[in-house]
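Protein chains in written order, with this note's numbering: chain A, 1 to 221; chain B, 1 to 221.
Rather than coming from a laboratory, the hints here were simulated on the basis of the structure.
Hints may contain errors.
Simulated DEER-style distance windows between Cβ atoms [to be verified]:
# : chain 1 : residue 1 : chain 2 : residue 2 : range
1 : A       : G56       : B       : S175      : 31 to 37 Å
2 : A       : L186      : B       : V79       : 26 to 32 Å
3 : B       : E181      : A       : G89       : 53 to 59 Å
4 : A       : L218      : B       : A68       : 34 to 40 Å
5 : B       : E204      : A       : G80       : 44 to 50 Å
6 : B       : I192      : A       : G89       : 25 to 31 Å
Among chain A residues calculated to face chain B with C-beta under 10 Å, some are [what the hints assert, rightly or not]:
# : residue
7 : G40
8 : T88
9 : N121
Derived coverage of chain B by chain A (criterion: at least 3 residues anywhere in the stretch with Cβ under 8 Å from a Cβ of chain A; other residues may be distant) [to be verified]:
#  : stretch
10 : 32-40
11 : 62-68
12 : 118-124
13 : 136-150
14 : 159-170
All C-beta atoms, glycine included, are put in the ideal place defined by N, C-alpha and C.
2 protein chains.
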Amino acid sequence: MKKVVVAKEILKANDAIARENLSKLDAANIFCVNLLGSPGSGKTTLLEKMTPFLKGQVRAGVIEGDLATSEDADRIEKVGLPSIQINTGGGCHLEANMVANALDALDLSQFDLLFIENVGNLVCTAGHQLGERLRMVVLSSAEGDDKVVKYPPMFQKTNSVLINKADLLPYTEFSIERVHEEARRLNPDVEILQASARTGEGIEEVAEFILAKRQEWLEAR
Amino acid sequence: MKKVVVAKEILKANDAIARENLSKLDAANIFCVNLLGSPGSGKTTLLEKMTPFLKGQVRAGVIEGDLATSEDADRIEKVGLPSIQINTGGGCHLEANMVANALDALDLSQFDLLFIENVGNLVCTAGHQLGERLRMVVLSSAEGDDKVVKYPPMFQKTNSVLINKADLLPYTEFSIERVHEEARRLNPDVEILQASARTGEGIEEVAEFILAKRQEWLEAR
Chain A
1 MKKVVVAKEI
11 LKANDAIARE
21 NLSKLDAANI
31 FCVNLLGSPG
41 SGKTTLLEKM
51 TPFLKGQVRA
61 GVIEGDLATS
71 EDADRIEKVG
81 LPSIQINTGG
91 GCHLEANMVA
101 NALDALDLSQ
111 FDLLFIENVG
121 NLVCTAGHQL
131 GERLRMVVLS
141 SAEGDDKVVK
151 YPPMFQKTNS
161 VLINKADLLP
171 YTEFSIERVH
181 EEARRLNPDV
191 EILQASARTG
201 EGIEEVAEFI
211 LAKRQEWLEA
221 R
Chain B
1 MKKVVVAKEI
11 LKANDAIARE
21 NLSKLDAANI
31 FCVNLLGSPG
41 SGKTTLLEKM
51 TPFLKGQVRA
61 GVIEGDLATS
71 EDADRIEKVG
81 LPSIQINTGG
91 GCHLEANMVA
101 NALDALDLSQ
111 FDLLFIENVG
121 NLVCTAGHQL
131 GERLRMVVLS
141 SAEGDDKVVK
151 YPPMFQKTNS
161 VLINKADLLP
171 YTEFSIERVH
181 EEARRLNPDV
191 EILQASARTG
201 EGIEEVAEFI
211 LAKRQEWLEA
221 R
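Only chain A is shown next, with the shape it has when bound in the complex (with noise of 0.2 Å):
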């Protein structure tokens, strides 16, 4: 019983702070995403391949969890995009304090969209809101068609689902119905995109889909 009643008791002093986190990207006109996805899913590769089709358009940064080491962010810092590196020294996902001090570290008149890649977790990182104005999860076409009613939390709490690694379809028994099937009877606002970041192809719809998102959150404020 003790440790339910912690457990939610931390979950509402996260919520706390994730709201102060919002108000603080808010009052710097920060767009501010939050990629969730099974280690493995290709939320890093989504990150560098769409690097190009942002630049030009916005200041784009990104807070990157991990567990251990810095490969992610030396990653995205190559290819050009300013990064933060959280370890979470063996947590299994991102808290809210965690990228307020990530937030405290950066100069937040230098961006109008940032991403936050979390640690590599279908289940944790789900209860655990940020301060992000869109959640996208990304779904490895190699992890299977189950994912969805398997994780279902993951799935109900996001704005939208990116089934990745498209260029393996052919090679596994992935059924896109299914997802998109599944996906929508546990959240029918969810949308559902689709690209390979090894390739490339949908990775231009992807950074377009974030871009509109962020245009309707300017335009309704």
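With chain A fixed as given, assemble chain B onto it according to the hints.
Okay, now just chain B, sitting in the frame of chain A:
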């Protein structure tokens, strides 16, 4: 601070229950394997495909861990292995007390080998002993070869790693050498296997590896 203390106490309690599970399994001459890995790494398909190589050698059963649904347990029953489903109700990993309940529900005199298929998660499952004698981490080639350095606790705490989805190696940039090198650096005793559960390539060898580990354990008692 409070959070850390509670987490440590919970882990200590978990390990005590895991030791009780181990005693119960030992008394029943059951060798228990904890199968771990990311969502969609291929754990259930591996169990399905190993079944023909286990039959006639040992009486095997499966404890299936999932957030929701009995999809995996249904798949396992279809290939003729008795199985029992644990739904964690959103929890991201199995804990020893859940396995203790499953053991109470099984007739242990009916088994020589028990697999526990953990929740798909490359982080939180690593910290929880369940009563296993052998851990096997299933890593899909489509997940990328950077997973060992990025998720070190999982690879430090395992006895073996199975590089799965070998059939996708030609379509990915996955360096088997990198995984071998980095896994051995973290964990010099780790044993690394390679297979494709989808095509069946290498699966007999995985089954033989597990049977040999069981035999070693029986002889050392």
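Holds or violated: the stretch 159-170 of chain B covered by chain A, criterion of 3 or more residues with Cβ-Cβ distance under 8 Å? holds (count 3)
Given the hint of 26 to 32 Å, check if L186(A) and V79(B) actually sit that far apart at their C-beta atoms. holds, 29 Å
Evaluation of the interface hint that places N121(A) against chain B, nearest CB under 10 Å: With a minimum Cβ separation of about 6 Å from chain B (threshold 10 Å), the hint on N121(A) holds.
L218(A) paired with A68(B), Cβ distance criterion 34 to 40 Å: holds, 37 Å
Given G40(A) was flagged as interface, is its beta-carbon under 10 Å from a beta-carbon of chain B? Holds, about 3 Å.
Between E181(B) and G89(A), does the beta-carbon spacing fit 53 to 59 Å? violated, 24 Å
Hint check: 10 Å Cβ-Cβ cutoff, T88(A) to chain B: Holds: closest Cβ of chain B sits about 9 Å from T88(A), inside 10 Å.
Holds or violated: the stretch 136-150 of chain B covered by chain A, criterion of 3 or more residues with Cβ-Cβ distance under 8 Å? holds (count 8)
Does the Cβ pair E204(B), G80(A) satisfy 44 to 50 Å? holds, 48 Å
Quick check on a hinted range of 25 to 31 Å for I192(B) and G89(A), using CB atoms only. Holds: the Cβ-Cβ distance is about 26 Å, inside 25 to 31 Å.
Count the residues of the stretch 62-68 of chain B with a beta-carbon closer than 8 Å to any beta-carbon of chain A: does the count reach three? With 3 residues in contact (Cβ-Cβ under 8 Å with chain A), the coverage given for the stretch 62-68 of chain B holds.
Given coverage of the stretch 118-124 of chain B by chain A, tested with a Cβ cutoff of 8 Å and a minimum of 3 residues: Our answer is that it holds, as 6 residues pass the Cβ test (under 8 Å) against chain A, meeting three.
When held up to the earlier numbered hints, the structure conflicts with hint 3 and nothing else.
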